[in-house]
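Take the sequences, apply the hints, and build the full model.
The listed protein sequences correspond, in order, to chains L and B. Going by the numbering used here, the letters in the first sequence line up with residues 721 to 904, in that order. Going by the numbering used here, the letters in the second sequence line up with residues 9 to 319, in that order.
Everything labelled a hint here was simulated from the structure, so no lab data went into it. If you're wondering where the values come from, they're calculated on a predicted model, not measured in any experiment. Virtual Cβ for every residue (Gly too), placed ideally from N, Cα, C. Hints may be right or wrong, so weigh each one.
[What the hints assert, rightly or not] Heads up, simulated DSS-like pairs for lysine-lysine below, C-alpha to C-alpha not over 30 Å straight-line: (1) K762/L x K226/B; (2) K886/L x K297/B; (3) K226/B x K803/L; (4) K305/B x K886/L; (5) K281/B x K807/L; (6) K164/B x K803/L; (7) K803/L x K268/B; (8) K281/B x K886/L; (9) K842/L x K305/B; (10) K803/L x K281/B; (11) K886/L x K268/B; (12) K803/L x K233/B; (13) K171/B x K803/L; (14) K71/B x K171/B; (15) K233/B x K845/L; (16) K115/B x K54/B; (17) K762/L x K271/B; (18) K277/B x K886/L; (19) K842/L x K272/B; (20) K234/B x K845/L; (21) K281/B x K845/L; (22) K886/L x K234/B; (23) K233/B x K271/B; (24) K277/B x K842/L; (25) K807/L x K226/B; (26) K277/B x K807/L; (27) K268/B x K762/L; (28) K807/L x K233/B; (29) K803/L x K277/B; (30) K886/L x K226/B; (31) K271/B x K842/L; (32) K281/B x K842/L.
[Said to hold, decoys possible] Covered by chain L, per the in silico footprint, the following chain B stretches (three or more residues, Cβ under 8 Å): (33) 234 to 241; (34) 261 to 267.
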Amino acid sequence: MRKYILLLLIVLAFYDGRSTASPYYRMREPVPTISAGLRIQKAMGFYWTSGITGEFCSEKFLKKKLSLGANFTTSVLGNGIRKNAIKTYELDLSAIKYFRPNKVVQPLARLNIGYMYAAYGKEFKGSIPNNAFLCSLEFGSAFIFNEKWKPSVGFGYNIITGNGTKGLATVFPLYGHVSWQYVF
Amino acid sequence: MKNIFFLFILIAFISCKKNKELPPIDDKVDLDGTTINDSSLLFPEKYLLSAAIPNPTSIDLEKPVVIAAHGFTATCFEWLEFSEFATAKGDFYVSRVLLGAHGRDYKDFKTANWEEWQRPIVEEYNKLQSMGYKNISLAGASTGCPLILNMIRENKINTSSLKHVFFVDPIILPSAKILSISPLIGPAIGYIEVELDPGENGYWYKYRPQHPLRELEKLIRGERKKLERGITLPNGTTMMVFKSERDNAADPAGAVLLKKGIKKSDGGKIDVKMIDTDIHVFTRLRGRKNYDAANNKQQLEAFETIYTTIK
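Given below as structure tokens:
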């Protein structure tokens, strides 16, 4: 793990975003957009989950300084495909700030507020908390190679996790994610 | 500017050396020091049945035996009250096993892996089976549980004599979720210190080095993955799980994974009992500062349940 972090830091240190900036996007002002696509998450030391993601950005909303987003991910499309794993369902609403608009590589910061439910089964109802509100911060980057597709990668940190006495056991602190959206 | 920022982080990361300094161990009080060791190392005959009765009679061999394995950083003390319960009953044995690298000192604990922790449980089971004991049960507390689950699942023991498995507050999901990122932050933190009640001093390691924390994470992550795929108990073996409903060490949701992931050989479900307490390993009360009569009752009920199951 240590060597991957070192490698990532070296790449970031010597990466020059300007060299890959598209002339097309440098000239063009962003337009109101709606995008939707797939999102895959992996919590460090825990489950793969996946689902759908979407974003909305408009001149009428904060003059495009922020985008609004939503994710719905579930372990049913991940580790939960195995019948003995816990099925989790997570819904997040997000505020997203993109940096370097009009460039191919657009770093992003994202604040998610959400809710997760874990299906433990009837016999554990009442004895173990099976739902919780979530709050997480994400950092990453979107890659705008063309008008229609917007892939992004990043990592997030869940500020609220379960601790055995309260909160949800299936919320782990660190996670990575990949998404691929179609811009309408 | 951006490049300078990332280079700064890079240099800081490379400069982050492993904490090789010893924690502030008090040799007079702490098990982590070189003075205090678990007494099972000096007097194994008071803890291990194989050492207590090296030549068992046919009457001895008929009695049920429970091999009891303690948890991470603990010692045989964790099962002392159950051992006393067995002595009072007089018709079954408890063999208390000290996990490898436990009960010694910080230096031994710092470098050992989880397979070394597990080895003494396997050895005691094999010894008792070769002596002729036919009714053997395994009981684990906390980390003792995934160690036992692993040795059954991977056929590290011949399970023909294994009748019952009892788990008390098994750690399948850690309550401290930060454990999941121990491979990232471990080298930076070196070790963590836990606060012990005065009565627990000398029976638990107070300082938890990053290597065993990572080993613990590796062990429970591995067993959790196997639970997702499903585990079938050996023919004729039953399992009972006792789990505290609020537990700051082993997340109660671990009981869900055990219930879903383990089936008896006939396809039946295992028994899981959720206990209304916030004590981790509620079957051990001695040495604790805070517990009440309700906890005493829960402890006794768990012991009686184990007793009636093995008889």
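Cross-check of the supplied hints:
Proposed proximity of K762/L and K226/B is supported: the alpha carbons are some 17 Å apart, at most 30 Å. Taken as a hint, the K886/L and K297/B pair is honoured in the structure, with Cα atoms around 22 Å apart against an allowance of 30 Å. Between K226/B and K803/L, the direct Cα distance comes to roughly 22 Å. Compliance with the 30 Å bound is thereby established for this hinted pair. A threshold of 30 Å between alpha carbons decides the hint, and for K305/B with K886/L the separation of about 24 Å falls inside it, so the pair holds.
With a CA separation close to 22 Å, the supplied pair K281/B and K807/L stays within the 30 Å bound. Proposed proximity of K164/B and K803/L is supported: the alpha carbons are some 26 Å apart, at most 30 Å. Under the criterion of a C-alpha separation no larger than 30 Å, the hint pairing K803/L with K268/B is consistent with the structure, at around 8 Å. Pair hint K281/B plus K886/L holds up; C-alpha atoms about 19 Å apart against a cutoff of 30 Å.
Distance check on the hinted pair: K842/L and K305/B sit about 26 Å apart at the alpha-carbon level, within 30 Å; holds. Simply put, K803/L and K281/B have alpha-carbon atoms about 22 Å apart, close enough for the 30 Å limit, and the pair holds. Our distance criterion of 30 Å between C-alpha atoms is met by K886/L and K268/B, whose separation comes to about 22 Å. Taken as a hint, the K803/L and K233/B pair is honoured in the structure, with Cα atoms around 12 Å apart against an allowance of 30 Å.
A threshold of 30 Å between alpha carbons decides the hint, and for K171/B with K803/L the separation of about 27 Å falls inside it, so the pair holds. A hinted pair counts as satisfied when its Cα atoms are at most 30 Å apart, and K71/B with K171/B qualifies at roughly 12 Å. For the hint pairing K233/B with K845/L, the CA-to-CA distance comes to about 24 Å; that is within 30 Å, so the pair holds. Restraint check for K115/B and K54/B: satisfied, since their Cα atoms lie roughly 26 Å apart, inside the 30 Å limit.
At most 30 Å may separate the alpha-carbon atoms for a hinted pair to count; K762/L and K271/B meet this at roughly 28 Å. For the hint linking K277/B to K886/L, the alpha-carbon distance of about 27 Å falls within 30 Å, and the restraint holds. Of the pairs offered as hints, the one joining K842/L and K272/B holds, with about 20 Å between alpha carbons and a cut-off of 30 Å not exceeded. A C-alpha spacing of about 24 Å is found between K234/B and K845/L, which places the hinted pair at or below 30 Å, so the restraint holds.
Restraint check for K281/B and K845/L: the C-alpha separation of about 13 Å stays at or below 30 Å, so the hint holds. The suggested pairing of K886/L with K234/B holds, with an alpha-carbon distance near 26 Å, which does not exceed 30 Å. Distance restraint check for K233/B and K271/B: the Cα-Cα separation of roughly 15 Å lies within the 30 Å cut-off, and the hinted pair is therefore satisfied. The suggested pairing of K277/B with K842/L holds, with an alpha-carbon distance near 14 Å, which does not exceed 30 Å.
Distance restraint check for K807/L and K226/B: the Cα-Cα separation of roughly 22 Å lies within the 30 Å cut-off, and the hinted pair is therefore satisfied. A threshold of 30 Å between alpha carbons decides the hint, and for K277/B with K807/L the separation of about 19 Å falls inside it, so the pair holds. Straight-line distance between C-alpha atoms of K268/B and K762/L comes to about 22 Å, which keeps the hinted pair within the 30 Å bound. Among the hinted pairs, K807/L with K233/B is consistent with the structure: their alpha-carbon atoms are about 14 Å apart, no more than 30 Å.
Restraint check: the Cα-Cα separation between K803/L and K277/B comes to about 15 Å, which is no more than 30 Å; the hinted pair holds. Taking the CA atoms of K886/L and K226/B, the gap is about 24 Å. The hint holds against a cut of 30 Å. A distance of roughly 18 Å separates the Cα atoms of K271/B and K842/L; the hinted pair therefore holds under the 30 Å criterion. With a CA separation close to 14 Å, the supplied pair K281/B and K842/L stays within the 30 Å bound.
For the segment 234 to 241 of chain B, the assignment as covered by chain L holds, since 4 residues bring a beta-carbon within under 8 Å of that chain's beta-carbons and 3 suffice. Given as covered by chain L, the segment 261 to 267 of chain B passes the check, having 6 residues with a CB less than 8 Å from a CB of that chain where 3 are the minimum.
Violated hints are absent here; each numbered hint is respected by the structure.
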